[in-house]
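Asks: For chain L, the structure is supplied; the task is to place chain F on it using the hints.
Taken in sequence, the protein lines are chains L and F.
Just so we're aligned: 31 in our numbering is position 31 of the first sequence, and the numbers increase by one with no gaps anywhere.
Just so we're aligned: 1578 in our numbering is position 578 of the second sequence, and the numbers increase by one with no gaps anywhere.
No lab work stands behind these hints, which were simulated from the structure alone.
Backbone N, C-alpha and C fix where the C-beta goes; we use that ideal spot for every residue, glycine too.
You can trust all of the hints, since none of them are fake.
If you want the footprint, here are the derived chain L segments under chain F, 3+ residues with CB under 8 angstroms: (1) 191-201; (2) 217-227; (3) 256-265; (4) 456-465.
Using 30 angstroms as the maximum straight-line C-alpha spacing, the simulated BS3-like pairs for lysine-lysine come out as follows: (5) F/1447 x L/150; (6) F/1675 x L/222; (7) F/1398 x L/148; (8) F/1336 x L/150; (9) L/150 x F/1401.
So, partial list: chain F residues that the calculated Cβ filter (under 10 angstroms) puts toward chain L: (10) 1529; (11) 1747; (12) 1751; (13) 1759.
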Amino acid sequence: MSDPFHASSVRCAGPQSFGQGGRRGFIKMGLAGFASLSLPGLLRLKSATASAGAPKLKKSIIMVWKPGGCSHLDTYDPKPDIGSEYRGPFKTISTSVPGMNFTELLPMQARIADKLTVLRSMHQTAPGHPAGSMQMLSGDPETRDKPKPKYPDWMTVANYLRSKDAPRDNPLPRYVGVNPPLEYNGPAYLGDAYSPFTVMGDPNLPTFSVPNIGLSDPNEVKRLSQRSTLRQRLDTLDRAFDKQGELGALDQFETQAMSLLTSPLTREAFDLTKEDERTRDRYGRNAWGQQLLMARRLVEAGVEVMTTSMSGPLCGRVGNWDDHAVNHHIFDAMRYRAQAYDQAVTALIEDIYERGLDQQVLVVVTGEFGRTPKIEHSPSTGEGIGSGPAGTTQPGRDHWPRAFSNVWAGGGIQTGRFIGATDKRGEDPIERACSAGDFLATIYHHLGIDSANTFINDLNGRPTPIVDRGRPIAELI
Amino acid sequence: MSNPFSLQYGSAPKGDSCQGILGHALVALAFCIGISCFYGRLPANEPKSPSVSVSFVNDVMPVLTKAGCNSGVCHAKAVNGQNGFRLSLLGFEPQDDYVHLLKEGRGRRLSMASPASSLILSKASGQVPHRGGVRLSKESTEYATLLGWIRDGAKYDGPTATKLLSIQVQPDRGTLPPKSQQQLTAIAVYADGTQRDVTKLALFESNEKSMAEVSEHGLVQAMELPGRVSIMVRYQGLVSVYSASIPLGAMVDSIPASKGFIDDALFSNLKELGIPPSPICDDATFVRRVTLDVAGRLPTTQELDSVVGSTDPNKRDTFVAKLLQSSEYADFFANKWTAMLKNRRDDASDITSNFAFYSWVRDSLLQNKPYDQMVRELLAATGTVQSNPPVAWYKRVKEQKQQLEDVAQLFLGVRMQCAQCHHHPFEKWSQDDYYSFAAFFSQVGRKPTSTRGEDMIFHKRGIATAANIKTGTVLKPAALGTSIDSITADQDPRLHLANWMSDPKNPFFAKAVVNRYWKHFFRRGLIDPEDDIRDTNPPSNPELLAGLEKHFIASGFDLKELVRVIVTSNAYQLSSVPNQSNSADQQNYSRYYHKRLQAEVLLDSIDDVTGARTDFQNLPTGTRAVALPDNSYNNATPFLKVFGRPENESVCECERTQSSSLAQSLHLMNAGDVKAKLATAGGRADLMSKSQKPMEERVTELYRIAFGRSPSAAELSGAVDYLTEPSSADASGVSVGQPASPERFQDLIWALINTKEFLFNH
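So that you can see chain F by itself, here it is in the shape it has in the complex:
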């Protein structure tokens, strides 16, 4: 039997991120463990005509995939596969797989003389010990398929097999009442016009298991959380999605007035799902919320008064406009962007370029440079850091692959990492897509300058190309499937990429940033994770996302306008307190989802309340944590580390830890730096204890600073009692502080900064 295929399949680079510990481990677990291969007992719905010979590509490969053979933990494991039997991940490379089956393992994997004793069958069916367990029962149709193929001579039909055109799922959308079920059917459509029911062989996965689960046979089980959920159906490298809405079905009788397209889309979704929104929050709550979200700090008492005491019907909008004018807006968002852009201090000498880069980002935000222009300046940066600070990004992100991966994830919301080594398992992205994207960065030239560690970045004259590492094919630049082939040797391909991005018709660029910003304010992206945009991870409210995208493009990529339109909506101004029906809602924004203050904001806020100051090395006195230019301050300020300030190593905002931990609780309760702040000479506790004002006034002021509101009567009397009650020694003879002493005020401030009301934006 002649074999026309080359054996050149193992050329992936060693030491690559894909080849290391990561292996080709994607989604392995679910398949290898979850599927116990008993689907063969289901009623056969795919009887094969005996006259038709078994196709390797269309019959055998799906069996191997469904049985989990080519999952990452099994035979698609990095380098050699489990026990030296190597298959391509999820069967994307049938040609290679055929070679492995036929030619390796000393030919024992397939036995032509005695097909039933082929290792592929005896192992998979457990007749010969198999570490992966029994994958195919001997009675199953799948077993029969493999056996039939071997009996037919184990032929490879790659070039001649009927091409699979698409996979369809029926139904493709629907409404699922809580706790109801829906059977899905997967239909494969072939180039010759035939269709096949491949439900048994397709793979199903829910994008939100707390909302709906799906069995390996495609039976969807809705849970009780309301919202939208999708089930991804995969077959032979193609994907399709079933989307369901799970209604809550409660009465929605009072909906706030609409202030525009955001409210229209958000409230109509709530009506459709039957989730009653919480009411609009009061002025004080709004002022604290929006000041924290836009400027990254607590509101001043003056700001509070300017809104709470005003009768102007537009007072909230006016306040938002002022916040957007403030330099603190630029500080806060520069902090966000410089982390993702990896402004990181690895060496003391990085300080110059880090400061320059930070200033460039901050100034761009302050002057409200259009977003597309800002990205263009970064992407196509040339020169030196001194003359052109965005060049610093090329200092941090040096490798071509890293450049394309960061750009795709950060600016387009697309994760391309998988496609470096294999076809993206949930997406259409192939290795050609990956390397043709990399080609945009192939002409980035760099040469050292007189400043240590700083390179000059320039366009290296030449035609941009990149080679697919697997096939060796030399590829021209193409941006996520859009080829851009008119680039001459003199033109910087990165400018073409920037042009493509800022085209109003670009389906990724605006969507990625509006979704990212939405998440900033609402805790959860319309698409979540916010930088994993793909057909198989659809938005929870598509109309709303489309509306934001349209508005942002029409505004000329105006970031301040994007913030403004979001925070002035009534949708943003809902109370965070759940009503009787909406506490289960996690993705429809029927109330404001509270967020813990991020590390920098929390530290600044504690400084504000205690009247203390945190000093940072080499920065002017009074610099706030939210305005720190890079990560280098984390080590000297444990507070920032404990509360999860990132080290600016990842393009993903998930590097920032927002979850609570024991260390955080301990830190707030007892760490030296917090205790010192409480006891600062001339600090809040000190001054308040010396103040001549009535105790009630002092407590009220404290509440207004910490919580942005006045205390209730009960809170006021409770606090005043604590401050003034005579000290009584207990049995151990211990007594703490005299009435109205600084210690008593420290206790009160300690209690306030340890409440959830303080720690959260709500």
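For reference, chain L alone in the conformation it holds in the complex:
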């Protein structure tokens, strides 16, 4: 049982599989998950890049996803006054915002707490990873787990709706995921055309490169150009039909594909070596830090929907935040991952403000749920980072959708405060309870999408609301 991906748990067959087929399948696909951009306007790429005027950037979002569910009691919603069967070992520390306390795991965010807002009264109703993720990401009210989402996630919805907007003068895809959440979300009936352009791997590695973006080998670029010229010479059908509709759209995709493949600009947007060394250090020289730096770099270059997930080895043995005692010694695991997490999130938020992106870019940090306030003890199923040898009893916390915290920054929102509160044990919101629908409506609101009045037809032609129940959280807009 030393393989971390096969650490089985009776309670939770969820995110342990994160490292398996699903993701690797996507890596193999390479371009397969690539989102489509808006159809018109791509032909104007050249002219757009030629003209000196800075392009007007649309409102955009970076969602930092903590798959598996992060313990709220051990991070943003400490409960120092409850019994040790709940409390956990971490000290409570004050932040730069009077009255708002974190645990000692987050000293850096505590220092910049005036630049973020913590929503402590987030809650949803699904106890499993699949249904919980689907509630948070696609607004599906179902509480039972199912293998595939029934509704498109907010990212593909936003991509789809924006693709109907005015032309986009940017060669980059609208929706990019850098190690994004992939398992329990997706385009559902919107189709793969609206999936993200997906970048996998550890951007901190010197060997890291993004395939199919700005080919670096001049031979390849030359050959592609030659082929493309030859193709244009041979395509007689091209001239026979008028270019409205489908054929026109195809032309534009082809032009954009060429641009993505051959333009040095697109390569640069993903190229972290263009960043100052100090900036790279500031985010943390590890996968999470560099993922978040890449996210910032991409939204700055015009990506509008950006997701990245904090998973993998930095999480500990099972590669995610699912800290049942069978998976992790939760407190060891939290301590292990806290530094990289705290540093990366802090750097992203500070950077957003320092670079003047704080009105344009909303940063959201969340997982699908929180973790049980009451600590449980079970035997570990395997030894590894954040977990004792198999069989040793260790503390853990289980799934807790009834109350959890998430972090918001930028997006022009008022920061330096917390919204809502949970009861004395952190079990349920006692103030300003916000649902998954509210969470989604808030995100849509920032993107300029009227979620109360936006419907998308499913495959049966039935108009389906993008948020069934939920209103933008007034304090976050």
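Replies: Structure of chain F alone, referenced to chain L:
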């Protein structure tokens, strides 16, 4: 005031597809946003005699509907309606609505003491803040109607109100020159013989907004696209349709000869609308087109020669007959049907039943089993997958509701989903229709077998019934309004349903499949979407649809004959190149509408051209993508996913993505699998570079394989030049490939498979 009504209105099941995120959101947007409630300023055309008291059912409800109050996004929203004020969707349940108005909201919605301060009025008129905005101006007659009703004591007149019999639209048909207008009048006809002009209160909707739009007051504005368009008029749950033809009015002087009823109907429609058809395409184009459409593959050079070089006047018909004999015909259409029949791999152990089911579909098509028999075998399947493969459908489609919805949509072209929870907004289907249809599947018994995941399906002895979830009424089986009540406990009700379907007089069964097949060949159904057949979505060419239906029934539900009669028509053989006048035509088939090759066909075609092979797990070497039995190969073959091969989850063919995307362009240009195919050892580029044949011959062969035609002189010389020109290093010192090298041939093949001529059937 005593109230005779029970408050049992909220019994719809939780977690149902209708109760979840979907809500009761139908058509909400148009009403809630589009109508700014200013219709009240129009000249009143419905003065009410002061002596007649205001009727809740006939006066108040239409006002609420037209103002959009009971649209899905507003107070007909799922569960509780907006802010707890709940109305039935589009006013189908006046009795419930009355209860909500009168009894809930602590009685503030209607104030008997001070009618004008009733919330329903103060909110709707914006005197009290209303999230839905101002829906009724205080000066409007509609406001006055509501006020009058409350003053009269807010009585419910459900049982006594004059019954609305029908809604009529005047005129009901006509010809609209491009850019012209037509005012429609909606007339309500009541049981007591009275009629009322309800234009102000009726709802209007165009089925094709690119052809004609309609204002909320019923003013139709024709656009410039020629064809047939209909305007749906709705009032109090009843619908009526205005159909207009918008002529192009061009000279139609040359029309191909007619080969039968299809050509008669199609060409006479073009003449009527003044849309000149493109000419008949040449032999090479026809061979490629029909081979792709019937057998799902490119034609071989031998096939090409057999037609192009022949002087036989019947050579095209003969070629079609050969294609229909081929096993590839069965492969291609089995691929189509198994997707809609949800042959899906959820678990590795599904493989046995999926293969068995696929084979059953394919064999049925190959031996040309009559369509009604095939559907009967599926619908009434009993036993185990091993003994009777169509049973597998009941494994995929387990729930009774899903069974009836799939059967209705797939085999009858009727979408019943809406009627599960409320009256279909555009149709006559009620919840009784839904549940009485469900009753056919109420006696489907299943028990586990020794094979994991496989159930035995049997008829559970008993009288088939199903309960209307709302009223609780127990219903006997009825098929879309036709009750079938002689079913005994020993008889499998599904067989009765199959009998009803295959009756030559059945108005749905043949129509649904001929329309579906028409779409397969012509890209657009005569009714479109092809599985949304209803009075309010009429066919673009009714005579043609009726002719196909008749022919199909007379042939004994012969699917191959259906294909044959379609593809041998001259209508199918028109050129795809538009002439000066018909490029705007999108629904009259005045030219062949090009279609992108579907994922499987495109992959096979690239294999054919490059000489590469795609291998699929657990399938014999050489299995083509078009012959894959289920969806499980999509994950391992990203090409299929990127180009939209469905996951066999929906009964709707729209699950297959046929639109282009950036991912597709990138994939064709640069993905590893495509590059590997080009460079296959022993593949086309490799062999051609080693060939001793003259360069011209090699290029010609390549063209014939990829495009099904020989190159023009210019194309030939262009390609030969590219293959043979000396390599010259550019400033960066980069040079690609020596003359006539495999790399040069790879470039040429890359260019060919990236052209539209290759990617499309045209």
